[in-house]
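2 protein chains.
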Amino acid sequence: MSDLFLRACLGEEVERTPVWLMRQAGRYMEEYRRLREKYDFWTLCRTPELAARVTLQPVDRFGVDAAILFSDILVTLPAMGRRVEFSPGPTIDRPVRRREDVADLARPDPLADLGFVLDAISQLRRELEGRVPLIGFGGAPFTLAAYLVEGGGSKSFPALRALLYGDPEAARDLLDRLVDAQIDFLRAQIEAGAQAIQIFDSWGGILPRHLFEGFAAGPAARLVEGIRRPGVPVIYFARDCAHALDLVAATGADAISIDEKTPLDRAADLLGPGPALQGNLDPGVLLGGPEVVRAGVERVLASVPAGRGHVFNLGHGVLPPTPVESVEILVAEVRRATTRGREDK
Amino acid sequence: MSDLFLRACLGEEVERTPVWLMRQAGRYMEEYRRLREKYDFWTLCRTPELAARVTLQPVDRFGVDAAILFSDILVTLPAMGRRVEFSPGPTIDRPVRRREDVADLARPDPLADLGFVLDAISQLRRELEGRVPLIGFGGAPFTLAAYLVEGGGSKSFPALRALLYGDPEAARDLLDRLVDAQIDFLRAQIEAGAQAIQIFDSWGGILPRHLFEGFAAGPAARLVEGIRRPGVPVIYFARDCAHALDLVAATGADAISIDEKTPLDRAADLLGPGPALQGNLDPGVLLGGPEVVRAGVERVLASVPAGRGHVFNLGHGVLPPTPVESVEILVAEVRRATTRGREDK
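From first to last, the protein sequence lines stand for chains A and B.
Position 153 (the first sequence) corresponds to 153 in this note's numbering; numbering is contiguous.
Position 156 (the second sequence) corresponds to 156 in this note's numbering; numbering is contiguous.
One chain only, chain A, in its complex shape (with noise of 0.2 angstroms):
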C-alpha cells in the first residue's frame, strides 16, 4: 500500500499529490456529531478506542492518504501540572507568569502520563494495517507556552508579551522544559508506531521577527532535531509567518505546512529550497459548492514549484459548517487532476 504521503513529505517522486485534510476527524462528519452526544472531547482524546475510532473516520470516508491521530496539542499540558478545560476554546488553571510558575512545572513522563496518546496509537497502526501512514502530533514549544503563560487563547497574548519582553530569562526556561517535555512524547509517539510527526506551531506567527527567531524557531529546531529518525518526517505548521517564512524553513523540517494566506510559489520563494510543502487550500472554499472546490483545488495545485515535494491540505483546519460532500469532491479532484500517466494506459 501507501507511503506515497511519507516518499511526498521527503522530497521523493511520487506518483499523485498525496491529500490528508488538518483537523478531517471533527464536527463537519455526522459519525463524530454521533459519538460527541454521547462523550465530551477529553473523554474522546483519552480513550485509545475511541481516539482510535474517530481517526479512521475520515480514513473510511474520504480514502484520504494519511490518518492523523485523533487528540489535541494541549494534552502535554495536563502531565505538567495544569488543568486544561474547554468551554469551548481552552483554559488552563494557574497560569505561568513568573519564574516560580516555570520551575513548579512537571516534567511528564510519557508512559505513565500520556499512555493513552501512545496506546492509541498503536491500536491504530494494528487496524490501519498498512493502509495509510499514521502521524503523530504535538504542540511547539512556543505555542504550548502561550497557552500555559496567556492561560487560554487570546487576540493580543498581553500576559505572553509581558514575560516575553519583561522576563526573557523566565520564558527561555519555560520553552526548554517544553522543548524536553515535546521531544519525550514525540518520540515516545514514534515509538509507539507514528509514521510522521506535525508539529503546530499555531502563535509562533504572533511574534515579531526579532523575537521569532529565539522563542519559536530555534525551539522549534531543537525540538525537530531532537526526534530526527531516518523515514520519520517532520512537518512544522507555520501558520501566519508570511513575515517569517525564512526563519521557519531554518527549523530543518522536512515539511512545511502553509496557511492559506500565502501561495505555495512565493511560500517556496522565501523558504528557500529544501523542505517540501504541505498545504494550503483555503477552508473556506469547501463552503462554495463544487464548481468552487475544484477551482481552488486548480489553483493550489497550479502553485506549486516544479519537482517541489507536495502533499495537498488545507491552510488550517476543516470548518464545522463544511459540507462532507466538499471534502469528497476535493479528494476526488486532487487525485485526478495529479495522476501522472493517466493518458497514457
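The set of hints was computed from the structure by calculation and includes no laboratory data.
Don't take every hint at face value.
What the hints assert, rightly or not - Capping the alpha-carbon separation at 30 angstroms, the derived lysine-lysine pairs in DSSO-like fashion look like this:
no.	chain 1	residue 1	chain 2	residue 2
1	B	Lys155	A	Lys155
2	A	Lys155	B	Lys38
3	A	Lys38	B	Lys155
Claimed, not checked - Only part of the chain B face toward chain A is listed, based on derived beta-carbon distances under 10 angstroms:
no.	residue
4	Phe157
5	Ala159
6	Pro168
7	His210
8	Asp240
9	Ala244
10	Lys261
11	Gly284
12	Leu286
13	Pro320
Claimed, not checked - To be clear about the criterion: a stretch of chain B counts as covered by chain A if any three or more of its residues have a C-beta under 8 angstroms from a C-beta of chain A, and this derived list gives those stretches:
no.	segment
14	161-167
15	200-209
16	287-293
We treat Cβ as the ideally placed atom computed from N, Cα and C, and that holds for glycine.
Here the structure of chain A is known, so what remains is to put chain B in place on it, guided by the hints.
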C-alpha cells in the same frame, strides 16, 4: 504650530520623527478609567464633549504629535441599521448572510446619523487650537463587512468565508455599499475638521492573496480615492498583511501603518517606493521596563530606510496593562533620538 505629523505622512522632510500611538486614549490611563466608571463605552463615543475630553487625555499627558478622535470603527453599523453591543467584544444583531440582508442595509446620512462624531471633531479642532493635528478614522470596507457578516469577531470567520466563496456577487454588493458609506462618512469628518484619516483594516489580513485584492485592497483603494483632498493624508492600517504588502501599497494611501511583525525596512521593500511608513513597535515592549522600551524604540528607528517618511507608532493598539511611564519614555526617546541638529546647537 505642529504639522510635523502631516508632513511626515506626506513624505516631506521633517525636523524630527512625529509620534502618536494607536489606542493612545484608553484603559491604561487613570484619567480614562475614571470616566469609564461613570459612562459606558458607547456613551463616551456618542457624547461629543466626552469623546473630545478622552481624545485630549493623551495629548495633554504625553505631548504626542497627533490627536486621534476617540470613537470606534463600528459606529457606521448602527447607521446602516444594525445594532452593535460590546460585552466586551462586539456583537452585531441580525448578521448579514444573504443578498436580501445586503439589500436591507440603510445608507447612512453622516449628518443625521453620525453627527456626534462630526460634532466631536469640530469641538476638538476648537479646543486643540492647532496644537497638534486631529486624525479622523473609520473601518475599512472589508473589516466592516467581516463584522456585519460574522456578527462579531471570530478566529476563522466561517460565515464570512461562506459568503465570499458561496456568493461573491453579494459580497461585492456589500463592499460597494460600505465603500459608499465610508466615503460619505470620512468626507464629512474632513469637512468637520479632521486633518488626516486613518482607515483601519483589522481583518483584511485574514484573506489569501487571491481574495485580498478584490475584497480588501480594491474597496480600500476606492475609499482612498473617494476621500482624497490636498494636504489631508490618508493612512491605511494593514494588520497581518505581510503576505500582501504589495497589494496594500496599491490602495494609494499616503502612508501605510505596519504591524509589529515585519521590520520597516522589509516592509518598505515589499511595499515598493511611495507611501510613508507608520509604526511599528510591538505593544508588548511597553510591558518590559524602561530599558526594554528604549531598546525597542531604537530597533524601530534603525529599521526605517533613509529618506523614507516615517511616523512613529505601535504595530497595534496600546495594551490595557501598559504602565503610563512606558509611554512617557517612548515619546521622550523618539524625540531625543530623532531630533536633527541637536548636537550643533
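So, going through the hints one by one against the coordinates:
About 9 angstroms separates the Cα atoms of Lys155(B) and Lys155(A), which keeps this hinted pair within 30 angstroms; it holds. Distance hint between Lys155(A) and Lys38(B) is fulfilled; the C-alpha atoms sit about 27 angstroms from each other, no more than 30 angstroms. A threshold of 30 angstroms between alpha carbons decides the hint, and for Lys38(A) with Lys155(B) the separation of about 27 angstroms falls inside it, so the pair holds. The closest approach between the C-beta of Phe157(B) and any C-beta of chain A is roughly 8 angstroms, which is under the 10 angstroms cut-off, so the hint is satisfied.
A hinted interface residue such as Ala159(B) counts as satisfied when its beta carbon comes closer than 10 angstroms to some beta carbon of chain A; here the least separation is about 8 angstroms, so the hint holds. Using the Cβ-Cβ criterion of 10 angstroms, the hint placing Pro168(B) at the interface with chain A is satisfied: the shortest such distance is roughly 9 angstroms. For His210(B), the suggested interface contact is upheld, since its CB lies about 7 angstroms from the closest CB of chain A, less than 10 angstroms. Because the smallest distance between the Cβ of Asp240(B) and any Cβ of chain A comes to about 7 angstroms, under 10 angstroms, the interface hint for this residue holds.
With a cut of 10 angstroms, the hint placing Ala244(B) at the interface with chain A holds, because the nearest CB-to-CB distance is about 8 angstroms. For Lys261(B), the interface hint holds, since its Cβ comes within 10 angstroms of a Cβ in chain A; the closest pair sits about 5 angstroms apart. Taken as an interface hint, Gly284(B) checks out: its beta carbon lies about 3 angstroms from the nearest beta carbon of chain A, inside 10 angstroms. The interface hint given for Leu286(B) is met, as the beta carbon of that residue sits about 8 angstroms from the closest beta carbon of chain A, less than 10 angstroms.
The criterion of a C-beta within 10 angstroms of any C-beta in chain A is met by Pro320(B), whose closest approach is roughly 7 angstroms, and the hint holds. As drawn, the segment 161-167 of chain B meets chain A at 5 residues by the rule of a beta-carbon pair under 8 angstroms; at three or more, the given contact holds. For the segment 200-209 of chain B, the proposed coverage by chain A is satisfied: 5 residues have a C-beta within less than 8 angstroms of a C-beta in that chain, meeting the threshold of three. Figure legend: the segment 287-293 of chain B, annotated as covered by chain A; annotation consistent (4 residues with Cβ-Cβ distances under 8 angstroms, at least 3 required).
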